Amino acid sequence: MIVLEILFWLSLFWLTYVFALYPLGMAIAAKIRPRPLKIVDAPLPRVAFVMAAYNEEKVIATRIENYLELDYPRELLEFHIGSDGSSDRTDEIIQSYIDRDPSIKLRRYSRVGKTRIVYEIAEELDAEIIAFTDADIVINSDALRHVIPCFSDPDVGGVVGHIAFIDERKTAGSLGERKFTDLESHLKRSESLVWTTVSPTGLCFVVRRGAYTPLENYKLSDDLNLVITIALNGYRVWFEEGMLITEVNYRTLESETRRRLRMGQQSMATYLSYHKTRMPWRSLVGFQVWSHKLLRNLAGVPSVVLL
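Position one of the sequence shown corresponds to residue 50 (our numbering), numbered consecutively onward.
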């Protein structure tokens with residue numbers, strides 16, 4: 050009986066800490082001692098978008114059109130797309146845009162995986178700023194006008210934006226996810242003002258070249274590796290609400306379930322692969338990773354206990 054009571058209170062504290070105490074603590078710390086960015090005038094850097102695509106014929110044209118509409122000097126932009134053995138019209142559609150705009154590049158791969166593609170492409174680029182992006186998103190046309198000034202602060206190694214989630218099915222699940230992303234944005238804003246957020250926006254994550262450590266194990270999460278290594282290397286990951294990322298979720302329930310399971314496995318492996326994040330007391334980044342990500346991802350355990 051005593052064991053059950055202990056498990057009950059530990060589980061209750063776990064959920065209370067993850068969803069209330071930690072966010073509240075970060076919000077208070079951000080109010081008491083905020084660390085805003087030190088933005089100065091600086092020349093505009095070159096920006097390279099990097100994306101992996103597999104059978105994205107439904108969305109690839111929209112993604113490229115969105116790139117072409119960005120309010121940023123065209124001579125400072127480039128878009129590198131790695132097609133991972135696409136068997137539909139993805140490559141054909143990309144090629145039609147390349148014929149119109151040489152800043153768009155296509156590389157073909159044979160089912161090697163998203164993580165390997167984006168890291169291999171990024172390592173060959175010389176652009177100062179790299180934007181890792183997904184195929185099924187669009188960003189506001191003036192997003193770079195908000196994001197790029199952040200990098201004039203030498204402490205900034207990466208910038209994440211606010212997700213404006215759109216699910217065409219309008220289900221209760223999609224409404225719940227939209228509410229979750231709003232709450233997540235509030236927490237990222239607080240963490241950024243304290244020093245750095247540790248939660249990437251994998252849909253579009255803009256980084257300073259050289260701020261992150263490239264992956265050697267492509268089975269890990271590419272976006273989590275980016276944000277963790279940037280933070281461990283002493284840089285800040287800043288939440289910029291001026292970059293709005295809109296995702297149109299066209300996936301089936303089955304494909305979405307597989308995607309989330311895969312992401313969960315990659316995330317857990319990534320958290321535990323770094324010495325300084327394996328235990329929360331080894332670094333501030335480790336404490337944040339445990340509080341914001343790891344304990345939340347495992348919140349199903351105490352939820353089952355409380356049932």
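These aren't lab readings, by the way, just hints derived from the structure by calculation.
A couple of the hints might just be wrong.
[As the list claims (entries may be wrong)] Restraint ranges, calculated between C-beta atoms of paired labels, are given here:
#1 159 x 54: 41 to 51 Å
#2 104 x 175: 40 to 50 Å
#3 263 x 54: 40 to 50 Å
#4 111 x 282: 45 to 55 Å
#5 259 x 54: 50 to 60 Å
#6 174 x 61: 40 to 50 Å
#7 82 x 147: 18 to 28 Å
#8 141 x 348: 21 to 31 Å
Bear in mind the structure is a predicted one, so any value in this text is a computation, not a measurement.
Heads up, the beta-carbon is just placed ideally off N, CA and C, and yes, glycines get one too.
Numbered hints the structure breaks, given as an ascending list: As far as the earlier hints go, 1, 2, 4, 7 and 8 are violated by this structure, in ascending order.
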